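S.K.: Residue numbers (the numbering used here), protein chains in the order written: chain V, 195 to 550; chain P, 10 to 191.
Please keep in mind that the hints were generated in silico from the structure rather than gathered at the bench. Here the structure is a predicted model, which is why all the values come from computation and not from measurement. In this text, a Cβ means the ideal position worked out from N, Cα and C, and glycines have one as well. Just to be clear, a hint being listed does not mean it is correct.
Partial selection, computed: residues in chain V whose CB lies under 7 Å from chain P [to be verified]:
no.: 1; residue: Trp293
no.: 2; residue: Gly459
no.: 3; residue: Tyr460
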Amino acid sequence: MVLSVPEDARQGPAEERDRDPENTHHGGGIGRRLGLGGLDYEIPREAQRWTYMLGGLTAFLLVLLILTGIYLAQFYNPSPVGAHDSVLYIITRAPLGDWVRSLHYWSAGGVVVTISAHIAWVFWRRSYKAPREVTWWAGVGMAGLVFLLVVTGTALRYDQEGFEALAHFVAGGELTGALGVFFTEGFTLSTPLLPRIYALHTSALPFLLLALMGLHFWLIKQLGIHADGRPRARFRHHAVRLTGFGLLAWGALGVLAVALPEGLGYDPVPGVEMTKPFWPVLWVYGLENLLGAWGMVLGPSLVFLFLATVPLLDRGEGHEPGGHGWVGWAGAAVAITIAALWLYGALGAAQQHIGM
Amino acid sequence: MRRDTTVRPSAILLALLLSIGAAHPEATLRSSRGEVPAGGSLPLSGEKFTGGESVRLVLRGALDEYDLRAVRPAEDGTFALDVEVPGTVRPGSYRLVAVAGDGDVVATLEVSVVQALAGEHASAIEETVDLSKQGTGPVAHATAEEMPIERSRAGLEWGLIGLLVGLAGAIGLSLVLHAERF
Numbered sequence: 195m196v197l198s199v200p201e202d203a204r205q206g207p208a209e210e211r212d213r214d215p216e217n218t219h220h221g222g223g224i225g226r227r228l229g230l231g232g233l234d235y236e237i238p239r240e241a242q243r244w245t246y247m248l249g250g251l252t253a254f255l256l257v258l259l260i261l262t263g264i265y266l267a268q269f270y271n272p273s274p275v276g277a278h279d280s281v282l283y284i285i286t287r288a289p290l291g292d293w294v295r296s297l298h299y300w301s302a303g304g305v306v307v308t309i310s311a312h313i314a315w316v317f318w319r320r321s322y323k324a325p326r327e328v329t330w331w332a333g334v335g336m337a338g339l340v341f342l343l344v345v346t347g348t349a350l351r352y353d354q355e356g357f358e359a360l361a362h363f364v365a366g367g368e369l370t371g372a373l374g375v376f377f378t379e380g381f382t383l384s385t386p387l388l389p390r391i392y393a394l395h396t397s398a399l400p401f402l403l404l405a406l407m408g409l410h411f412w413l414i415k416q417l418g419i420h421a422d423g424r425p426r427a428r429f430r431h432h433a434v435r436l437t438g439f440g441l442l443a444w445g446a447l448g449v450l451a452v453a454l455p456e457g458l459g460y461d462p463v464p465g466v467e468m469t470k471p472f473w474p475v476l477w478v479y480g481l482e483n484l485l486g487a488w489g490m491v492l493g494p495s496l497v498f499l500f501l502a503t504v505p506l507l508d509r510g511e512g513h514e515p516g517g518h519g520w521v522g523w524a525g526a527a528v529a530i531t532i533a534a535l536w537l538y539g540a541l542g543a544a545q546q547h548i549g550m
Numbered sequence: 010m011r012r013d014t015t016v017r018p019s020a021i022l023l024a025l026l027l028s029i030g031a032a033h034p035e036a037t038l039r040s041s042r043g044e045v046p047a048g049g050s051l052p053l054s055g056e057k058f059t060g061g062e063s064v065r066l067v068l069r070g071a072l073d074e075y076d077l078r079a080v081r082p083a084e085d086g087t088f089a090l091d092v093e094v095p096g097t098v099r100p101g102s103y104r105l106v107a108v109a110g111d112g113d114v115v116a117t118l119e120v121s122v123v124q125a126l127a128g129e130h131a132s133a134i135e136e137t138v139d140l141s142k143q144g145t146g147p148v149a150h151a152t153a154e155e156m157p158i159e160r161s162r163a164g165l166e167w168g169l170i171g172l173l174v175g176l177a178g179a180i181g182l183s184l185v186l187h188a189e190r191f
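Make a model of the complete structure from these sequences and hints.
M.R.: Below, the structure is given as structure tokens:
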């Protein structure tokens, strides 16, 4: 069974290192030249479970997003007068454009699922406790960047839904004053907002994400995977199995992209708000229904602020999963609230939140 | 002798390349406006065209192409005129290209076509835009509905998708089941 720890997982043998001091076991040629020996270290046997691979799986899906995004960028026109037509061109004329765009769409949803599950598992395991606080903060930073990538990506469609997403950026920028001036049309006269959102989505945000990912992986390597049990497995086996799960996920998303291709709305009509956002942010939409435009600013801010302060709030002794005390209950409350808001946003009628 | 047998073909090839390069000197199109309303006119000037040889002016977008008119530059390779943009042109980003008789594009100009002005070319707004080749239908008002897009894939595309998905699945499964062999 692929999800259980294999019975023949080997111990991390010092004897193996003695027999193979230059670590030529894995590709004495290429492996040694690429420094793959650095991946051949011991990890707890528990870490071979799939729950310890959610972060790596997220990374695999992010790679797929980058690859498909690079392809889409060859055909996308980020100017307001050309954006919608270029998306239609991608769907109808660009080679494999429809499939690649749908793959990009489904991968984005997949990343939201895996990153949410990863955060929930790490929170449950209390893996943010010392000495792994910075690892946690890097992860929270990445989650925030993924959120921004989702909302900026939605705007690039420049159909009715995309235009309303842009309008929300402008409204949020105006609400937050100096903090949000970048998202207002008045930030510069040289270019409208859409190309600037495109630049964020394709360069600044991915760059920051990859930088934090590098820090995150480096710290995991240095501090070790936080899992129970004695070191009885090899990280390279973990990496190989993770790669397998990543490729299986790619294949599954490829099938989804064929079976359920992503659509496109009509050219946008300004002045109306009638669509609902991409499903990962429906909880923000629900909060907007309750609080108005401030909901889209306060909701995500408070959630990420809570996540960022978890290592400081959980002063409990030890690392026992579930031993969070009140912090655990607060985390559960946040998750339940998000779920409830999501349902409210999904099932309720579309509403006007901002003056468009 | 070797020199005699290599110099002549090389000279002929060089002359041929030069003649091809000289057939379409670097022509340019200019306009005092970067955008034009559908149904309006765009002031256009050209220079460095081949004098006396007619070119066609075509408006090319991501999805549509509109044949505007032909123009014959003067002997000095210049021309100046107002080009009428049909009222049926969908607002968007276009390239105005000058196409020579042999099909080569000899000059391009980026142009934005905007919504026709109300009252001036009202028929362009009310007229149903023909998107039948895309199956998208007319756009009359704001809607949250998705466009009905006709999708089709060539056999090669299906093959590539199948290959990529199949490889990912097969290799992935193999790695998951046999990770300890690596």
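S.K.: Now tell me, hint by hint, if it's right for this structure.
M.R.: Quick rundown of the hints versus the structure:
Among the interface hints, the one on V/Trp293 holds; its C-beta lies about 6 Å from the nearest C-beta in chain P, closer than the 7 Å criterion. Because the smallest distance between the Cβ of V/Gly459 and any Cβ of chain P comes to about 6 Å, under 7 Å, the interface hint for this residue holds. At about 5 Å, the closest approach between the beta carbon of V/Tyr460 and any beta carbon in chain P falls short of 7 Å, and the interface hint on this residue holds.
No hint from the list above goes unmet by this structure.
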